[in-house]
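Chain order of the listed sequences is A and B. So the first sequence is numbered by this note's numbering: it starts at 1 and just counts up by one. So the second sequence is numbered by this note's numbering: it starts at 1 and just counts up by one.
Careful, some of the hints might be misleading.
[Said to hold, decoys possible] Covered, in the sense of this in silico footprint (three residues per stretch, anywhere, with C-beta under 8 Å from a C-beta of chain A), are these stretches of chain B:
hint, stretch
1, 41-55
2, 61-74
3, 91-97
[What the hints assert, rightly or not] Computed spacing ranges between beta-carbons, pair by pair:
hint, chain 1, residue 1, chain 2, residue 2, range
4, A, Gly206, B, Gly295, 47 to 53 Å
5, B, Arg292, A, Asn197, 51 to 57 Å
6, A, Lys53, B, Gly116, 50 to 56 Å
7, A, Asn197, B, Ile54, 23 to 29 Å
8, A, Asn197, B, Cys261, 52 to 58 Å
Just so you know, these hints were derived from the structure itself, not from any lab. Don't be surprised by glycine CBs; every beta carbon is placed ideally from N, CA and C.
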Amino acid sequence: MKYSQELIKELQLKAIQVRANILEMIPPGKVGHLGGSSSIADVMAALYFHTMKVSKTDPKDPTRDRLIMSKGHAVLVQYACLAELGYFDRGELGKVKTFNGMLQGHPDMDRTPGIEAVTGSLGQGLSVSLGMALGLRLDKSASRVYAILGDGELAEGQIWEAVMAARVFRASNLTAIVDWNGVQATSTTAEIFPIENLVEKWKAFGWNVIEIDGHDMVQVLEALDAAKAYTEGPTAILAHTVKGKCFPFAEGKAKYHNASMTEDEYKVAWECIAEMRREVEA
Amino acid sequence: MRTSDSLRKTYGETLVELGKDNKAIVLMEADLGNSTMSSLFAAAYPERYFQMGIAEQNMASTAAGLSLTGKIPFINSFAVFASGRAYDQIRSSITIADLNVKICGSSAGLSDYGDGKTHQSIDDIALMQVLPHMTVLSPCDAVETEQMVKAMVEHKGPVYIRINRNDLPVVSDPAAEYHIGKMTEVVGGTDAVIFATGVMVQQSMAAAELLKAEGVSVRVVNVSTIKPLDKDALLGYCEGVRGVVTAEEHSTIGGLGSVVCQALSKSKLPVEMLGVDDRYGTSAENYDILLRHYGLEPKDVAQKVRDVLSSK
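Please take these sequences and the hints and turn them into a complete structure.
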């Protein structure tokens, strides 16, 4: 096996901690994007705690890899990772989306150490990532850029402009990861805006395409490594995921795209965290 | 020092000149490079020139990304597309984060006379100046264009510059010191003051000549930085006059006239605004026909001065 059991276990535990941090940010009475944050948590854990070059001490280390949350509403999952890296005090998690808070409702590079750009108006993050990739390439930097996209976000026309441009410029230091959870703000993507043949579409645009189960840590690591190894152009990792993953009451439900949990649900959620920890530890 | 009457050629040449030593400067184009004259940079430094195709939204956000790696991207298109087509990208990707992206709105105003209303920008100043962090520049000639492009590179933060497609006679002093925010008196006078921008500076200077023959003494001030507006200088130029006229090749809603009125809101001076009156452009065989049709000729400026001086 290419990856040691220890590594997989470590990253699985990190992913659980990331989800625990997300829960910390959305106590009952507070509204937050639980669904789309949880669906991409495993990929994010793999990126921040294994694949990406990040400094534990300097969020602006010039040799770092960059991650852009194009689906900016799911920034809770990024805050969860940045807190684990120690970029800010864990106490900030409880103050997310508060006045004067360091953790804004959408990614704000001026407020939060480790946030690389302003995103939130959907469809723009892949273009920003492409610009970074081109700039880094001009500087002959080895740094890579990762863009996290929502599947609902793919309805934005600008995404496809960026998809075309990244191929034109053969931006092999750029990886797009689609959180293909099939659910958007008000219903399923199949019902709201069914984009068919997603794999074929990205391929037709000239990208190196890898389709994975976004909750299988081995598949995630393999895909990220394959993206690094591919030098002909950009790579898209289309990650099949479950919205609200690991929280049964929320899984696959548009309601938890941006919602508050009841006291009971919140209790269940923490029990899920504890149970997952027991399973992975065993 | 530029002697050319072409603002856009000067724009391109100045960037080539600056790009020689400043390797951070990169240009992006949406397939109008032979008009915006970004093509000059493409020929000189192909590795720092990004042909983005006809995709202005992607161009604007990609520029944001380039600036985040320390580059100084200049994005180029016609003013109408550079400002309007990519508006939310400029807002969300660039200005919220106060990124160091320069936006060139070329063929601005009615200056792309043949192409008609879809290609003429009468709203770009309004769109750009309402964005926090944005600086908005409107040169009246090639000398000022060169000075501005140099200042844009030095300035940290987003800047929008609107450039006339057609040749305009040089009226600026190439030896004068320039800084963003500067407004310049180009004609001295005492009865009224005309605050003009872009092509309307030359038109207003000609209007001052017409009025001189009538015994009316008019000061003409070139307001080439729309934002940030130097309010102290503006109020200073209003001292002693009996009326104020604004002149711009842009909608009277949200352009120079609007910000001058805002700045003079506590003043008792009467103001007359001259601009494009809440309507779109149209095609014509030449620029002069449009300046006549939209009432932007020297005689129209002169009439506004007469109006403001006869108002109570």
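*Given a hinted range of 50 to 56 Å, is it respected by the beta-carbon distance of Lys53/A and Gly116/B?*
Hint holds: Cβ distance 52 Å, inside 50 to 56 Å.
*Verdict for Gly206/A, Gly295/B (Cβ pair) under range 47 to 53 Å*: Holds - the Cβ-Cβ distance for Gly206/A and Gly295/B, about 51 Å, lies within 47 to 53 Å.
*asked:* I want to verify a distance hint. Is the separation of the beta carbons of Asn197/A and Cys261/B within 52 to 58 Å?
replied: holds, 55 Å
*For the range 23 to 29 Å, tell me whether the beta carbons of Asn197/A and Ile54/B fit it or not.*
The hint (23 to 29 Å, Cβ to Cβ) holds, given that Asn197/A and Ile54/B are roughly 25 Å apart.
*In terms of beta carbon proximity below 8 Å, does the stretch 41-55 of chain B have 3 or more residues touching chain A?*
Coverage by chain A holds here, the residue count being 6 at a Cβ distance below 8 Å.
*asked:* Three residues or more, CB to CB closer than 8 Å: is that satisfied between the stretch 91-97 of chain B and chain A?
replied: Contact hint for the stretch 91-97 of chain B vs chain A: holds, 5 residues under 8 Å.
*Mind checking, does the stretch 61-74 of chain B have 3 or more residues with a CB under 8 Å from chain A?*
holds (count 12)
*Measuring from beta carbon to beta carbon, are Arg292/B and Asn197/A in 51 to 57 Å?*
With Cβ atoms ~55 Å apart, the hint holds.
Checked against the numbered hints above, the structure breaks none of them.
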